[in-house]
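Got chain A sorted already, so can you dock chain B onto it with the hints?
2 protein chains.
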Amino acid sequence: MADQAQFVGLDVGGTTMKAAVVADDGRPLSKPVVMDTNPERGQDEGLATMCETIRRAVAAAGITLADVTAIGVATPGLGDIRKGLIIDPPNLKPWKNVPVRDHIARAFGKPTAYQNDANAAAYGEFWVGAGRGAKSMVLFTLGTGVGGGIIIDHKIIEGEHSHGGELGHLRIAMPDVGRQCGCGARGCLEAYASATNVVRRAREDMAWWRGPASRLRDYYTATDEDFTAKVIFDLAAAGDELALKVVDDTAYYLALGACAATATVDPEMIVFGGGMVAAGEWFRSKIEGYVKRFGLPYPTKSVKIAFASLGSDAGFIGTAGCARLLAHSK
Amino acid sequence: MADQAQFVGLDVGGTTMKAAVVADDGRPLSKPVVMDTNPERGQDEGLATMCETIRRAVAAAGITLADVTAIGVATPGLGDIRKGLIIDPPNLKPWKNVPVRDHIARAFGKPTAYQNDANAAAYGEFWVGAGRGAKSMVLFTLGTGVGGGIIIDHKIIEGEHSHGGELGHLRIAMPDVGRQCGCGARGCLEAYASATNVVRRAREDMAWWRGPASRLRDYYTATDEDFTAKVIFDLAAAGDELALKVVDDTAYYLALGACAATATVDPEMIVFGGGMVAAGEWFRSKIEGYVKRFGLPYPTKSVKIAFASLGSDAGFIGTAGCARLLAHSK
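Sequence order for the protein chains is A and B.
This note's numbering numbers the first residue of the first sequence as 8 and each following residue consecutively.
This note's numbering numbers the first residue of the second sequence as 8 and each following residue consecutively.
Treat the hints as calculated values from the structure; they're not laboratory data.
No incorrect hints appear here.
No copy is singled out in the list; a pair is fine if it fits within one copy or between any two copies.
Calculated lysine-lysine pairs in the BS3-like style (CA-CA distance at most 25 angstroms, straight line):
(1) Lys-311 to Lys-162
(2) Lys-100 to Lys-308
(3) Lys-142 to Lys-337
(4) Lys-162 to Lys-337
(5) Lys-90 to Lys-337
(6) Lys-90 to Lys-311
(7) Lys-308 to Lys-103
(8) Lys-162 to Lys-90
(9) Lys-142 to Lys-162
(10) Lys-142 to Lys-90
(11) Lys-308 to Lys-90
Same shape as in the complex, but just chain A:
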C-alpha cells in the first residue's frame, strides 16, 4: 500500500472516457488515459472499456491496484445517483439501466462512487479548482448544452431524483415568450447561453442589425463547424460591435441563471466553466456586472464570480474526489 490514499476517477462522455489516479490532495499522478466510448457497440462493451481505462490509468500512474483506495465513475444524465445506475442518457444511446457502480466495484473489489458528470466536475472545481477553500459553490458548465452542479460543505446537491444542479434548465424567460430549448420546454438558460444557442442568436441578430458593419456577416452562410461561439467571442474581443452585443447578451443570460442560484442556495462562489471562459476577464466582469445589477443586493454584493480553473480535468479529478468522500465516510 502507498503511504497516501489514492483514487481512480473515471469520467465517461458520449465520445471518449478519461481516467487518472488522483492523490489524496487532488493532484493527478499522470495525464488522463483516454479511450473511445463507442456507445453504439452496446453497454457490455462499454463496461469492459471502462474497466480497461481504469486499469490503464493505474498503470500510467506507476502504481498497482493494491495502492488504490477507491474508484469513482461519472456519466452524463440520465442516471440514478443513489442506485449507481445509468438510466438512458441521450449521449450514451442505446445504453439502458446499466448498473455501472456495482459492476466496477465487483470487477476491482474496491469501494466505488457514482456521480453525474456535471456534479463531479463541480466537485472537482470545489475541491481543488476555482472553488478551493470556499464553503459553497455553484458551477455552470458552458458547452453544447449548459450543465451545472451545486456543492455545499463538501456535499453535492444530488437531488431526490438525481436532478440537482440541472442549471441549464433553470428558466430565465416565461414559457410563452422564451426561446425553444432542446429539452422540449421554452425559456431555459440553455436555450440562450449554450455554445449552439450563442451562434443561433448571432444569426438572428444579423437579420435586424443596423449598427456598424460586422464581420459576423461573413459567416451568414457558414456551417456550424466554421461558425462557432469562439468566432463570436474572438470578433467581440477585436471590437466588432454586433459580436460584442451577442457576447454581452450571453453574459446577461448567464447572470440571470446566477441570480437564481443566489435566490435558492446563496453560494459563496458562482463559477463558470467550459469553452467560453477562454474569453477571459472582460467576459467574467460583464457577468459579474449583471449579477450585481439584477441579483438580490445583499448576497450579490459579496458573491464571488469566477471562471473554472481545471479545464476538462475537472471531471476525472472531481470523480476521484467523490471516491475519496466515499472512502472518508466509511
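Below, chain B alone, put in the same frame as chain A:
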C-alpha cells in the same frame, strides 16, 4: 429535569411574537404565548419582550426553565444566521445589528439557535408537518410577500450570506418585461404571486376583461382592506370566470417558481403555505398541473406538491426544531 428533552421556539414577527415549548417529538406543550413586538420602541425593549415571551411560554407549558434543553429564536430578514445577528429587517425598524442569539443564550444560560423565520417555518413543516418523513423539501410561503426555505436531510440551506431560500425573489420573467417587485428588481415571483400582487393583477385584468360579467368589478373601487386575495379565491371557487383566470395565473406563476426549485435542488416535496392554501385541493392540483407541464419531465413526474399543514404554528415549532438540532449536534 423532564424525562424528554423540551425546547422553546420563539418566532418574532413585525407585529407580534409567539413562543411555545415543544417536545422532542414536535408536539407543542401549550398554545403559543403571543406578545406585541412594538419594534418602534427600540431593540432593547424588543429583547426584553422576547425574554418575557419565552418565560411565559415556559410557564404556559407547566414546566420550569430547568426542564428546557435549548431555545430557538427566529426573526424576519435581514439577519446574519451564523452570527445570530438581526441586521436591519424592514419589518423590525429601527432595530439594527441586534445580537439576539447571544442575548437570549446569556439571559437563560441555555444553548440558543437563531434562524431566519421562513427557514424556520420550512423546517417545522419538514420536521412534523406536510414534509414529515421526506428527505428534502422546499417551502414557498405566500403572504403579503413570498418567502421560502429549503431543507435537505434535516439541514437548512442557509446560504453563505443568509439568503438561502429567498424564493420570492426567484425571477420568473426577464427584467425588461417582468413586473416591478418591492425589492427594486423586476420579474421576481413575489411581484406576481404575493397576496398583494394577486389583487393588483386582478385590478389590471378587469381593465381588459371581455368575458362573462365578473363580480370582481364590484371591488374596482374598493380599498385593499376589502379587496383581498381571499375575495378573489372565494369568487373563483364560486365559478366567477375572471377570478378563476387570476387564480389560474397565480398557480402558473407559483409553478414556475417550483420548477426553478426542481432545477436547482430537485427536492422530494414542494410545499406551499400561507393564506392562499385555504383554497384547497383545486388550487393545489392547478399548481401541480403546471409544474408537470413546464418542469423537467423526470423529476416533476415524481415530485410531491403539497400544502403546508401546521398553519401559523410552523414558525415556533420549526424554531424549536432548530434548538433541537443544535442540542443534538452537541
